[in-house]
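Could you put together the complete structure from these sequences and hints?
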Amino acid sequence: MDNIYIEKYQNTDFRDVIALLVQSFKSKFCRHQKLSNNDIENILYASWHLKSDDPAYLHFVAKQNEKVVGVILIRCRKTENANKNIPIISLCRRYGVYNVIMMCTKMALLEGHKLNEGESYIEHIAVNGTCHGKGIGILLLQHGEQALLDMGYTSYTLAVAGGNPAKHLYLRFGFEDIKKTKSRLKGYFLGESQWTIMKKIYNHV
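Quick note on numbering: the sequence shown equals residues 1 to 205 in UniProt numbering.
In short, the hints are calculated from the structure, not lab data.
Treat the hints with care, as some may be off.
[To be verified] Here are the computed distance ranges between Cβ atoms for each label pair:
id : residue 1 : residue 2 : range
1  : 174       : 42        : 33 to 43 Å
2  : 194       : 66        : 33 to 43 Å
3  : 12        : 135       : 20 to 30 Å
Positions of the beta carbon are idealized from the N, C-alpha and C atoms, including for glycine.
What follows is the structure, given as structure tokens:
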């Protein structure tokens, strides 16, 4: 498949993953803000601490010719406050208090799902726009699923925004609608007020 392969996320992938997320979710990151892609990347780079050895996450990237073209981040246990050391003061000086508070709020809203026992949750999955239609999303889901099964997890959960065409991919992969939610906060900050929680449940013998 066009020399595309999946491997575990490494710390050296961090910049490429951030750039891919900004490309994929720019409409959410830029809502009510006038920041360049580079500005958003720098804020996220300073705010997130995505370490390859963090036991709370399963993290995989899809690569083509050694370039990151897809990513999936799965939270599989409760986390400590990994982002507590955000350099708020220096970020505010550089990008403005308003922009930093807005970005931190959006990140908190996107990461707000609480895990139940035996549950895992897809924090994000993204594919480079030039690689859509090549099956990368399915490959990432399959890779994450196998890792979860090997670890004994019983369910795979995600939240999808209303109208997101990716929902068809999740339905084909076996996810089912569990709950529909409406959030005015998410509507204001992210531009999406309607969300659907989807889950795929495994029956272990």
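Evaluation of the provided hints:
Between residue 174 and residue 42 the Cβ separation comes to about 38 Å, which falls inside the hinted range of 33 to 43 Å. Restraint check, residue 194 to residue 66: a C-beta distance of roughly 38 Å satisfies the suggested window 33 to 43 Å. In this structure, residue 12 and residue 135 meet the distance hint of 20 to 30 Å, their C-beta atoms being roughly 25 Å apart.
In summary, this structure violates none of the numbered hints.
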